[in-house]
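Visitor: Work out the full structure: start from the sequences and follow the hints.
These protein sequence lines map, in sequence, to chains A and B. So the first sequence is residues -1 to 411, counted in the numbering used here. So the second sequence is residues 39 to 463, counted in the numbering used here.
Since the hints were derived computationally from the structure, they do not count as laboratory data. Some clues are possibly wrong.
[Stated by the list, open to error] SDA-like cross-link-like pairs, simulated, lysine to any residue; straight-line CA separation at most 20 Å:
| # | chain 1 | residue 1 | chain 2 | residue 2 |
| --- | --- | --- | --- | --- |
| 1 | A | K202 | A | Y257 |
| 2 | A | K186 | A | A201 |
| 3 | A | K112 | B | H108 |
| 4 | A | K112 | B | V65 |
| 5 | B | K170 | A | T207 |
| 6 | A | K162 | A | V199 |
| 7 | A | K387 | A | K202 |
| 8 | A | K250 | A | T207 |
| 9 | A | K290 | A | G273 |
| 10 | A | K408 | B | M182 |
| 11 | B | K170 | A | Y257 |
| 12 | A | K299 | B | A112 |
| 13 | B | K170 | A | L204 |
| 14 | A | K138 | B | A112 |
| 15 | B | K170 | A | H205 |
| 16 | B | K170 | A | S404 |
| 17 | A | K120 | B | N195 |
| 18 | A | K373 | A | Y257 |
| 19 | A | K209 | A | D226 |
| 20 | A | K138 | B | P403 |
| 21 | A | K138 | B | H108 |
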Amino acid sequence: MIKFKKALCGMAAIGLTAGIVHAAPVKVAILETLSGPQASTGLAYRSAVWYAIEKINAGGGWNNEPVQLLEYDNQGGPTGAATKLKSAISDGAQIIVQAASSSIAGQITEDVRKYNLRNPGKEVVFINLGAGAGELTGEKCNFYHFRFSGNAMVQTKALVMAMKESNVLGDRVYAINQNYSWGQDMEKAIVSFSDLGGYNVVAKTLHDTNKIQDFSPYVAKISAANADTVLTGNWSNDLLLLMKASKASGLKARFGALYLDQPGNLANAGDAALGHYVSHTFNGDAGDAASKQFMADYTSKIGHDPVFIEPQAVWGMAMVADALKRVQPENGVLNVNTLAKALETSKIQAPMGEMYMRAADHQVQLPIVVSTVSKDAQIKVDGTDMGFKRVRVFSAKEVSTPAQSSCKMKRPS
Amino acid sequence: MKTQSVLFITAIALLLAIPFLLSQGLVDAAIQMLIAALFASAYNLLCGQAGMLSFGHAAYFGMGAFATVHAMNALDGTGLLPTPFMPLAGAVGGLLFGIVAGYFSTKRSGTYFAMITLAIAELVHALAPQLKDMFGGESGISAMRMPAWGFTFGSTNEVYYLTLVWVLLSIALLFLFTRTPLGRLTLGLRENAHRLRFLGYNTHRLSIMVFAISAMFSGIAGGLQVVSNEAANYVLFDAHLSAAVVLNTYIGGVGSFLGPVLGASVMTFFGYAVSDLTQSWLLYQGTLFVLVMMFMPTGLAGIIASLGGLHKRFGVASLAPLVVLSVISALLLSAGGTFVIEMLQRMLSQNYQSLASLQTATRWPDILLFGQSWPPASISTWLVPISLLAVGAVMGYLAKQWVQILIQREALKSESNQSEKEVVE
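Guide: And the structure:
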């Protein structure tokens, strides 16, 4: 972090001298939750974005000038984010990056849309690196919003396909999710892939989010339903406590969970996690040269392995870099409309496979890897003797799900 | 009275000039400050004047916000309710919900009242994420400010003036309320509700009225928030908003009418400005609250009032050294404290720890802070905050001594006056 600040200072100095020749450099503003109880995810995204911007600048920046990164703390809520977005725009930021929360992303995408409507010629673009709510690429989709992460549909599809191929899915599936839009999206996804996976959803549960301390009544329901597999989109404590309760009751069902790789989960769950499945965007275990090189480089710059959402954020920014490369300066400045059009066609070769943007709803199409928790994994996680062993890597085309029909995107003429 | 009206007019003029003086980002921060000020004033009616400590005021703020966002979407800024009148929908939303919630919660007083308000707020907070049609799900409901009366309401400045008018009007109404018989009875509710009942007043109905009025103005604040953000999200029902209004009100001073306005403005600006400078701004906010509660329970407004009192008692000349000493002491102590907190925060951060473990040359690489690099393992680094804190403490001690001297001097004076009088007699 410290090293990076120095590097930034250096870049700023270069920027100052270069500024004599050119107009203002491109400014990227990251609006994350950097303080308070939700800070850990925001800080992880910030590290990843730092890393990606340094890559862009190492490759010559844009228009022979380094790209500047501005940081804003959204104070954990949409109100703070709205205020900080205005500060960022008045500080000259043209690319807005946010990821950790859908409530904040919902505010930013709408604010960006309205700002662009009211200020033609001064547009800004919103790079969503992680907020997964379906409506962001559905009824709220807009030309200046791009999502670079998977969503409930894509990740569940990969999970179901891989578990079926490995013959661990069974035909009785229990869906347990958090009762808010993310969990509701997950439940819909699990039900809609029942034909693909050849299973019956024997029961569905939606429970309070991050409020339940004891999941044993829910585990009793799962066991009474005689489920082979539990599919869940739960994250943080809701996943951890659910797994602990199922271990305590000796539940035999196998878990397929989207957030099993959140740091700390395996250490807390212990052996209860063995044999469970996770679908994520990157797993460097037993990987090819490209994955290894990426992991080593990231570790040397940031100080820890790229885990959880970091790889996905880095590639999201790499796609932005790809688009920037194809945009020529107009009178020395970046035209965001041109950039947005270039983003619609951006395509990169990530270590897991090809990633490209879908123009219809601005949802990235990305490869998904499904892994299982095993003691055979080469990379051990959280100081345990377990890690994530790759089961199957799906190409972007294989896991793609159609764009939502509710997305009616208005394009600038 | 004359100085008061001069102060008042200057304040209004300053508020009117803000868009010409500040950048757009700061004007938006000013809007948030105004909204927080109104919310704290509305809260203070209940907490400060009626003596009912509510722990769930975010519920009424949020109801006002959602009422406004639905009104904005349904009416499209046309018809009877153009954009400038939109906060009225918030007022109605807050009022209606306040009557219902007030009916239940004011049946009890004291701790039980606080618990009921907390329960109602939590009820709404738990329910909102599950009612997607009404509260919009995770990404919230958005609306758009429509042009009205020749204004587009597209720029921050126009929103600022709209907010300013509403906030000034609401605070003026809240002030006038304290002058009405009902407002006087509100104080009676705080001081001795039993006696009011013996005098023949229906205290339950009275409490509901005060509660509902407080909720109504909270709803206006929520409505203004929506007009400014053009969106509402169920995050508004979060407990931290309820906590923030309690903190702001107490830091400003619960005893005076304008104290909460001051506290809310200061704390909102603090959050806006400091959150970009340091990750530990929440820690500073909490520390500030604890210090205010410990050393000046009357809040910021209390300091101003006691300064005024001292000024009358001792005059400017003998007060000046006290003010200078206290200000220097406070600055040094906070500088020292900030240094320690920032150093520790950087030293304990994950990134620093992992960088330190990568470097083999030194166990503790230098830390960049305030534009300089500090070796965390050397004593000279830590001497800086220690000396700051020590000098600050000495200054504070001297200030305290100075007050003692002043009081002794006064006592001596009055004694000698008395003895002179005796001699004359």
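Visitor: Give a verdict on every hint.
Guide: Results of checking the hints against the structure:
Distance hint between A:K202 and A:Y257 is fulfilled; the C-alpha atoms sit about 19 Å from each other, no more than 20 Å. Simply put, A:K186 and A:A201 have alpha-carbon atoms about 13 Å apart, close enough for the 20 Å limit, and the pair holds. Between the alpha carbons of A:K112 and B:H108 the distance comes to roughly 18 Å, so the proposed pair stays at or under 20 Å and holds. Simply put, A:K112 and B:V65 have alpha-carbon atoms about 18 Å apart, close enough for the 20 Å limit, and the pair holds.
Using a Cα cut-off of 20 Å, the hinted pair B:K170 and A:T207 holds, with the two alpha carbons roughly 15 Å apart. About 15 Å separates the Cα atoms of A:K162 and A:V199, which keeps this hinted pair within 20 Å; it holds. Of the pairs offered as hints, the one joining A:K387 and A:K202 is violated, with about 29 Å between alpha carbons and a cut-off of 20 Å exceeded. For the suggested pair A:K250 and A:T207, the alpha carbons sit about 25 Å apart, so the restraint of at most 20 Å is broken.
Our distance criterion of 20 Å between C-alpha atoms is broken by A:K290 and A:G273, whose separation comes to about 25 Å. For the hint pairing A:K408 with B:M182, the CA-to-CA distance comes to about 17 Å; that is within 20 Å, so the pair holds. For the proposed pair B:K170 and A:Y257, the alpha carbon gap of about 24 Å is over 20 Å, so the pair is violated. Between A:K299 and B:A112 the CA atoms are separated by roughly 52 Å; this puts the pair beyond 20 Å, and the hint is violated.
Simply put, B:K170 and A:L204 have alpha-carbon atoms about 14 Å apart, close enough for the 20 Å limit, and the pair holds. The straight-line distance between the Cα atoms of A:K138 and B:A112 is roughly 18 Å, inside the 20 Å bound, and the hint therefore holds. Between B:K170 and A:H205 the alpha-carbon distance is near 15 Å, which keeps this suggested pair within the 20 Å criterion. For the given pair, B:K170 sits about 16 Å from A:S404 by alpha-carbon distance, which is consistent with the 20 Å threshold.
For a cut-off of 20 Å, the pair hint linking A:K120 to B:N195 stands: about 18 Å separates their Cα positions. With a CA separation close to 19 Å, the supplied pair A:K373 and A:Y257 stays within the 20 Å bound. Straight-line distance between C-alpha atoms of A:K209 and A:D226 comes to about 26 Å, which puts the hinted pair past the 20 Å bound. A C-alpha spacing of about 47 Å is found between A:K138 and B:P403, which places the hinted pair above 20 Å, so the restraint is violated.
Proximity of A:K138 to B:H108 is assessed by CA-CA distance (about 17 Å); at most 20 Å being required, the pair is judged to hold.
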